[in-house]
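Position one of the sequence shown corresponds to residue 1 (the working numbering), numbered consecutively onward.
Treat the hints with care, since some could be wrong.
DMTMM-like cross-link-like pairs, simulated, lysine to aspartate or glutamate; straight-line CA separation at most 25 Å [stated by the list, open to error]:
#1 Lys151 / Asp118
#2 Lys79 / Glu140
#3 Lys137 / Glu84
#4 Lys149 / Glu64
#5 Lys127 / Glu140
FYI, nobody ran anything at the bench for these hints, they're computed from the structure.
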Amino acid sequence: MCSKYVSFSIIDLSFATSSPAWTNDNTKKPVHKYQDPFPNLAIRHSPDVDTAYANLAPIPRPNEPEEKKRARLVYQSRKRGILETDLLLSTFAQQHLATFSMAQLEEYDRLLDEPDWDIFYWATYKKPHPERWQGSKVLEMICQHSKNKEKKVLRMPDLD
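Take these sequences, add in the hints, and give me the full structure.
The following block contains the structure:
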């Protein structure tokens, strides 16, 4: 009779206990010859990043024309990466961006540099607004928009 399962009496685990082949000069952490091909996917960033989100400065856009800025902000509102934030910001942008002043566009642009989940939680009052966004008219408009007082079924607008 043939068994479905094969058992081994000797398993070679020498690779798992071997000393590091070299070290990473930047982190001084050992880099093993055999690394896990499936690292913990719950880790958002590399262990070299000390904060929850990398503090990368936004791309400077000096002298960006107003119409180009509006088009970019519409696109960035629609293509965030998290469906909840996509829906919230794309419908907000469709409703309000055309009437925003240049100062409001700049404020909205800075808000879009924040992490998606933070924007979503601030807009839905799940997290308190940080001090840097206290008194923000644009964030308050997004908070009011998130309440959906008309109880409309929202759909992400198409990109033109």
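Going down the list of hints, with the structure as the test:
Between the alpha carbons of Lys151 and Asp118 the distance comes to roughly 24 Å, so the proposed pair stays at or under 25 Å and holds. Annotation: proposed proximity of Lys79 to Glu140 holds, straight-line Cα distance about 22 Å (limit 25 Å). Taken as a hint, the Lys137 and Glu84 pair is honoured in the structure, with Cα atoms around 21 Å apart against an allowance of 25 Å. For the suggested pair Lys149 and Glu64, the alpha carbons sit about 35 Å apart, so the restraint of at most 25 Å is broken.
A distance of roughly 14 Å separates the Cα atoms of Lys127 and Glu140; the hinted pair therefore holds under the 25 Å criterion.
Hint 4 from the earlier list is the only one contradicted by this structure; the remaining hints agree with it.
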